[in-house]
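Q: Residues per chain are reported as follows:
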Amino acid sequence: MIAAGIDAGSRAIKVVLIDGESVGVVASGTLPQGVKNDDLAQELFDRLLSDSGLTRQDVARIVATGYGRNGISIADATITEITCHARGVRHLLPDARTIVEIGGQDSKLLRLNPDGTVYDFAMNDRCAAGTGRFLEVVADRLEVDLHELGEMAARSKRPAAISSMCIVFAETEIIGLLASGAAPEDVVAGVQRSIVTRISSMVGRTLTPPVVFTGGVALVSGMERALESVLGERVTIPPEPHLTGALGAALLAARQ
Amino acid sequence: MRECSGSKATAVRGRGSPAQDSPLDWFDKMIDNCLEYATAARERGRPVVGIMCEYAPRELVMAAGGVPVCLCGGSAKTIPAAEEHLPANLCPLIKSTYGYHLLRTNPFLEMADLVVAETTCDGKKKMFELMAESRPIYVMELPQKQDDPHAFEHWVFELHKLRAELEERFGVEVTDESIRGAVGVMNRERSLRRRLAELMKADAPPITGLQVLSLKSSISGIPADLEQYERAIRMYGGLSRNGDMSSRVRVLLTGVPTVYGAERVIEIVENHGGLVVCMENCTGLKPIIEDVDPDADDVIRALAGKYFRIHCAVMTRNSRRIECLRKLAAEYRAECIIDLVWQACVTYDIESYHVRKLARHELRLPYLHIETDYSPSDSARIAVRVEALFETARGSRSKAS
Numbered sequence: 001m002i003a004a005g006i007d008a009g010s011r012a013i014k015v016v017l018i019d020g021e022s023v024g025v026v027a028s029g030t031l032p033q034g035v036k037n038d039d040l041a042q043e044l045f046d047r048l049l050s051d052s053g054l055t056r057q058d059v060a061r062i063v064a065t066g067y068g069r070n071g072i073s074i075a076d077a078t079i080t081e082i083t084c085h086a087r088g089v090r091h092l093l094p095d096a097r098t099i100v101e102i103g104g105q106d107s108k109l110l111r112l113n114p115d116g117t118v119y120d121f122a123m124n125d126r127c128a129a130g131t132g133r134f135l136e137v138v139a140d141r142l143e144v145d146l147h148e149l150g151e152m153a154a155r156s157k158r159p160a161a162i163s164s165m166c167i168v169f170a171e172t173e174i175i176g177l178l179a180s181g182a183a184p185e186d187v188v189a190g191v192q193r194s195i196v197t198r199i200s201s202m203v204g205r206t207l208t209p210p211v212v213f214t215g216g217v218a219l220v221s222g223m224e225r226a227l228e229s230v231l232g233e234r235v236t237i238p239p240e241p242h243l244t245g246a247l248g249a250a251l252l253a254a255r256q
Numbered sequence: 257m258r259e260c261s262g263s264k265a266t267a268v269r270g271r272g273s274p275a276q277d278s279p280l281d282w283f284d285k286m287i288d289n290c291l292e293y294a295t296a297a298r299e300r301g302r303p304v305v306g307i308m309c310e311y312a313p314r315e316l317v318m319a320a321g322g323v324p325v326c327l328c329g330g331s332a333k334t335i336p337a338a339e340e341h342l343p344a345n346l347c348p349l350i351k352s353t354y355g356y357h358l359l360r361t362n363p364f365l366e367m368a369d370l371v372v373a374e375t376t377c378d379g380k381k382k383m384f385e386l387m388a389e390s391r392p393i394y395v396m397e398l399p400q401k402q403d404d405p406h407a408f409e410h411w412v413f414e415l416h417k418l419r420a421e422l423e424e425r426f427g428v429e430v431t432d433e434s435i436r437g438a439v440g441v442m443n444r445e446r447s448l449r450r451r452l453a454e455l456m457k458a459d460a461p462p463i464t465g466l467q468v469l470s471l472k473s474s475i476s477g478i479p480a481d482l483e484q485y486e487r488a489i490r491m492y493g494g495l496s497r498n499g500d501m502s503s504r505v506r507v508l509l510t511g512v513p514t515v516y517g518a519e520r521v522i523e524i525v526e527n528h529g530g531l532v533v534c535m536e537n538c539t540g541l542k543p544i545i546e547d548v549d550p551d552a553d554d555v556i557r558a559l560a561g562k563y564f565r566i567h568c569a570v571m572t573r574n575s576r577r578i579e580c581l582r583k584l585a586a587e588y589r590a591e592c593i594i595d596l597v598w599q600a601c602v603t604y605d606i607e608s609y610h611v612r613k614l615a616r617h618e619l620r621l622p623y624l625h626i627e628t629d630y631s632p633s634d635s636a637r638i639a640v641r642v643e644a645l646f647e648t649a650r651g652s653r654s655k656a657s
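In the order they appear, the protein sequences are chains U and Y. Position 188 of the first sequence, counted from 1, bears residue number 188 in this note's numbering, the numbering being contiguous throughout. Position 264 of the second sequence, counted from 1, bears residue number 520 in this note's numbering, the numbering being contiguous throughout.
Keep in mind the hints are simulated off the structure, nothing from the lab. Be aware that a few hints might be false.
[Stated by the list, open to error] Okay, derived cross-link-like pairs now, SDA-like style, lysine to any residue, Cα gap no bigger than 25 Å in a straight line:
hint : chain 1 : residue 1 : chain 2 : residue 2
1    : Y       : Lys-613   : U       : Leu-142
2    : U       : Lys-36    : Y       : Asp-634
3    : Y       : Lys-655   : U       : Lys-36
4    : Y       : Lys-655   : U       : Leu-142
5    : Y       : Lys-613   : U       : Asp-76
6    : Y       : Lys-401   : Y       : Glu-424
7    : Y       : Lys-333   : Y       : Asn-289
8    : U       : Lys-157   : U       : Leu-142
9    : Y       : Lys-613   : U       : Lys-36
10   : Y       : Lys-457   : Y       : Ser-434
11   : Y       : Lys-583   : Y       : Leu-455
[Unchecked claim] Estimated spans, in silico, between C-beta atoms of each pair:
hint : chain 1 : residue 1 : chain 2 : residue 2 : range
12   : U       : Pro-209   : Y       : Lys-655   : 18 to 26 Å
13   : Y       : Ala-420   : U       : Asn-113   : 57 to 65 Å
14   : U       : Gly-232   : Y       : Lys-655   : 28 to 36 Å
15   : Y       : Ser-635   : U       : Ser-180   : 36 to 44 Å
16   : Y       : Ser-503   : U       : Lys-36    : 28 to 36 Å
17   : U       : Asp-145   : Y       : Asp-500   : 30 to 38 Å
18   : U       : Lys-36    : Y       : Glu-587   : 48 to 56 Å
19   : Y       : Arg-616   : U       : Gly-29    : 37 to 45 Å
20   : U       : Glu-136   : Y       : Arg-573   : 42 to 50 Å
21   : U       : Val-168   : Y       : Ser-575   : 50 to 58 Å
22   : Y       : Tyr-609   : U       : Val-168   : 28 to 36 Å
23   : Y       : Ser-635   : U       : Glu-136   : 43 to 51 Å
24   : Y       : Ser-635   : U       : Ile-237   : 57 to 65 Å
25   : U       : Arg-225   : Y       : Arg-565   : 51 to 59 Å
[Claimed, not checked] Some chain U residues flagged as far from chain Y (calculated, every beta-carbon gap over 10 Å):
hint : residue
26   : Gly-29
27   : Asp-120
28   : Gly-181
We treat Cβ as the ideally placed atom computed from N, Cα and C, and that holds for glycine.
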C-alpha cells in the first residue's frame, strides 16, 4: 500500500510517495509552481508513479498540504503545513524540539512537545520579507543563480545592513547599496542576515534545542550558518529539507 | 442604509435551522428594526444617544428618555475616508466609525442628538476630539485602576455628571425611579442574552457562535427584541444538533469586540472546523456577566460598580479578565483559545501576554493570537493558522481518549 503526500507550496510543488507498511520513501520529486497548480501536481504524481512501476490504483490515500492544498483535486484530505512539517521532521529527527521552516513565501517557527506534536507556532503574516522570495529578488538583481548565494555570502567581509521591513522597499535599498559601491557579496550576506533576523524575532528568548531547519531556503548555502549565528544554537538540516512537508503529509496519509 | 461587509444573513443558515420567521430571521433585520424603532422614538420626542463603548451606562440614557444606540463601525468600506484624518496604523473599529462620521452614512449617528464618548482608549479619545468639531459629544473620563477605591469614586462622580448633562441637555429630570426602571429592563436583557450564550455549553450546541453573535441589537431594551430573545431560548434550548456540532473544535474567543459587519474571523473559524462556544469579548459575555441591583440604596453607585468592573484591557491590572477566562474555559469546555486583537490596539495586544500564559501554563490549551483589521487580505493566512490550531487541538483530543 502506497501513501502519498503533495505539498503545493507557493514556489514549488513537492510529492513524496511512501510505502505504507515500512514507511520508507518510494519516490519523491519537485516541480516549480505554475498557473495550473492541480495539473502540475498530477503530472508530477503520475511521473513518480510510473518511474516506480506503480499506478494510481496502488495509492491508498493522498494528503495535500501547503498554500495550494485546497486546489489539489486528487487529494483525499488536506492538512496544514504546520502539522505536516512537524510530522515529517519527527520521522527524520525524532528529538527535534524547534523547527524553523523557510519556504518560498513563508517563514514559520514551530515549537514541539517532547513527543514531536506541535505545541506552538508562529508564521509571517502579511509580508513576504524574511522568506525565500527575498533571496530570489537579490539573486535576480545580481544576475546570479540562487545556489551561488552561499559562496558569495561566505566571501563577505562586511555584510550590508538591510533595514527595510518590506520586500519591495528592500529591493530599492539593494539597488541603492549596489549603486553606492557595496560589494555584491556584502549585499547577499546582508539579505541572508535580514531573513534570519526576522526568524529570530519570532523565536524570542525561549528556544529549545535541538533546532531543525527545513524548507527550500535550507538548501541555499550560507543560510544555515546565518541562522546559527543569530539563534546562537546549532541547527540541523535534514536530508532534502524542502520535502519534509510532503513527507509529513504522506506519513499522515499512511496513518489514516 | 448602513453598509455591511459581513455576509451573516446567508452564511449562518445551516442544515436544521428553523425556516421562516425564526428569531435569527428577526435579528437578520436588526439594523432595519433599530432604524424603525429609533425613527419612531424620535418622532415622539425621545432623543437618540450614540454610544461607542460598553462602559457607557445605557441605563442613564434610558432613564433620561433617550434611546442608546451603538455606533461602533464594522465596515472596511468607510476606512479609506477615515484615513484622510486618522493614521493608517490605527484600530479599524475607530477608523470605521470615524469613516461613517465623515461620509455621513451611519443613519444612527446622523440622527444622534448626542454622542456619549469615553476615554476608554487613546485612539477613541482623540478621534472623538475630531468628531466633536461637528457633532455634540460628551466625554466621560474612565479611570483605569479598577481596584483603586479613589478611582471608583471618580467614576461614580462621572456618572453623576452624565446624569446632570442629560437632564440639562434634554430638559428632563432623571429620577432614581426612572434609573431603577431602566436597570430592570437592562437586567432582563442581560440575563436573556446570558441564557442564549449558555446554549453553547451543550455537547452539540443548537446554533453556531456566529448565530449567537447575531442575536443582539444595536439598541438595547427594544421590547420586540426582548421577546425574540425569549423565543430564541425556547426554540433553540430544546434543540440539539446531531454529530456535526459535537465533532467541531470548541473555541473560546477573547480579545477585541467583533462588531456588526466585522465577523470575518468568526466566519473563518467556523468554516474551518471550529465552533465558537464562548465569546468573552465586549460583543459577547463581558458586558452582560453582571447585573445591577435595582433596589440598591444608591442606584448610581450600584450602576457605577457594574460598569467599572467590566474587564477591558485598558484597566490595570486587569486580573478580572484572566479570572473570567479561567471560569469560562471550564464552563464551556473550551478546547482552544483564540485571542483576537485589532491592529494597533496596544492594550489588548500587550495583555495577550497574560492570556497566552494562562492558556499555555495553566489551562494547557492550544492558543492562537490573531492580529488583523477589517481587510480580507489575510483571510487565507488566518485560515491556515486556525486549521493548524484545530489539528493540534484534535491531536490532544485523541491523546486524551
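Q: For this structure, which hints from the list above don't hold up?
A: 1, 3, 4, 5, 6, 9, 10, 17, 21, 23, 24 and 27
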